[in-house]
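Chemist: Chain residues, written in single-letter form:
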Amino acid sequence: AQSVAQPEDQVNVAEGNPLTVKCTYSVSGNPYLFWYVQYPNRGLQFLLKYITGDNLVKGSYGFEAEFNKSQTSFHLKKPSALVSDSALYFCAVRDYYGNNRLAFGKGNQVVVIP
Amino acid sequence: DAGVIQSPRHEVTEMGQEVTLRCKPISGHDYLFWYRQTMMRGLELLIYFNNNVPIDDSGMPEDRFSAKMPNASFSTLKIQPSEPRDSAVYFCASNDYPAPTGELFFGEGSRLTVL
Chain A
1 AQSVAQPEDQ VNVAEGNPLT VKCTYSVSGN PYLFWYVQYP NRGLQFLLKY ITGDNLVKGS
61 YGFEAEFNKS QTSFHLKKPS ALVSDSALYF CAVRDYYGNN RLAFGKGNQV VVIP
Chain B
115 DAGVIQSPRH EVTEMGQEVT LRCKPISGHD YLFWYRQTMM RGLELLIYFN NNVPIDDSGM
175 PEDRFSAKMP NASFSTLKIQ PSEPRDSAVY FCASNDYPAP TGELFFGEGS RLTVL
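Note that the protein sequences, when read in sequence, are chains A and B. The first sequence runs 1 to 114 under my numbering. The second sequence runs 115 to 229 under my numbering.
For the record, the hints were derived by calculation from the structure and aren't laboratory data. Any given hint could turn out to be false.
[Stated by the list, open to error] In silico BS3-like links for lysine-lysine, alpha-carbon gap of 27 angstroms or less:
1) Lys192(B) with Lys138(B)
2) Lys49(A) with Lys77(A)
3) Lys106(A) with Lys77(A)
4) Lys69(A) with Lys58(A)
5) Lys106(A) with Lys192(B)
6) Lys192(B) with Lys49(A)
Given these sequences and hints, build the entire structure.
Modeler: Set out below in C-alpha cells:
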C-alpha cells in the first residue's frame with residue numbers, strides 16, 4: 001500500500017528565507033504526488049501535483065516541488081517565505097494501479113517568523 | 115462555484131447520541147470522499163463513492179459508522195451511537211477526475227465533540 005513520510009513535525013523559518021518541507025513516499029508503481037495546505041479551522045487546499053514529465057513542478061502561491069525518483073522524495077519549496085505561509089502542509093501519494101485512495105502524511109506545521 | 119459544502123461546522127453531543135454529518139459535493143464531481151482528522155492519527159480515509167456507489171469503505175472504523183449517497187449532490191456520514199473517541203474533524207472531499215491523477219477539493223470540515 002502507498003504511504004508518505006513527513007519526518008519533521010514543525011518547520012520554523014524566518015520571513016524572507018527559503019522554505020523547505022520534506023516528503024518521502026512509498027508506492028508499488030509510478031507515484032502520483034500532491035501537496036496540500038491547511039490553514040487553521042479550514043479544509044485542505046490543493047497546492048500542486050506531480051503526474052509525469054518535468055521533475056520540478058510549480059504550484060499556487062509561489063510554491064514548487066521537486067520529484068526525485070531515486071530518493072523517492074517530493075520536497076516542497078518556496079524561495080522566500082511569508083508570514084502568511086504559516087500553516088499545516090500535507091504531502092499525499094497515489095499509486096498508478098487505478099486505486100483512488102490518496103494516502104496523506106501526518107502533516108508539517110510551518111511557522112514563519114516575522 | 116460554491117465548493118464542497120459541509121454541515122454542521124461544529125457539533126457537540128453527548129455519548130450515545132446519533133450524529134449526522136452532511137456534504138454537498140461540487141456539481142459535476144463523480145467522486146466523493148469522507149476523511150477523519152485527529153491529532154493522533156492524522157487524516158484517515160473512511161469511505162469513498164463513485165457515481166453515488168460506495169467503492170471502498172475499508173476505512174470505516176466500525177459498525178457504528180455508516181455513509182450514504184442518495185444522489186449526486188448529497189451525502190451523509192452517520193455515527194450511532196457516538197462515543198468520545200469519535201471526536202475529530204470530519205472532512206468531505208470531491209473530484210471529477212478519474213484516478214489516479216486528480217486532486218481533491220475539500221470542504222471546510224465538521225468538528226465533532228462527543229462528551
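Chemist: Hints first: check each against the structure and report whether it holds.
Modeler: Here is what the structure says about each hint:
Proposed proximity of Lys192(B) and Lys138(B) is supported: the alpha carbons are some 15 angstroms apart, at most 27 angstroms. With a C-alpha separation of about 13 angstroms, the suggested pairing of Lys49(A) with Lys77(A) holds against the 27 angstroms cut-off. With a CA separation close to 18 angstroms, the supplied pair Lys106(A) and Lys77(A) stays within the 27 angstroms bound. Of the pairs offered as hints, the one joining Lys69(A) and Lys58(A) holds, with about 17 angstroms between alpha carbons and a cut-off of 27 angstroms not exceeded.
In summary, the hint linking Lys106(A) to Lys192(B) is supported, as the alpha carbons are separated by about 25 angstroms, within the 27 angstroms threshold. This hinted pair does not check out: Lys192(B) and Lys49(A) have alpha carbons roughly 32 angstroms apart, beyond 27 angstroms.
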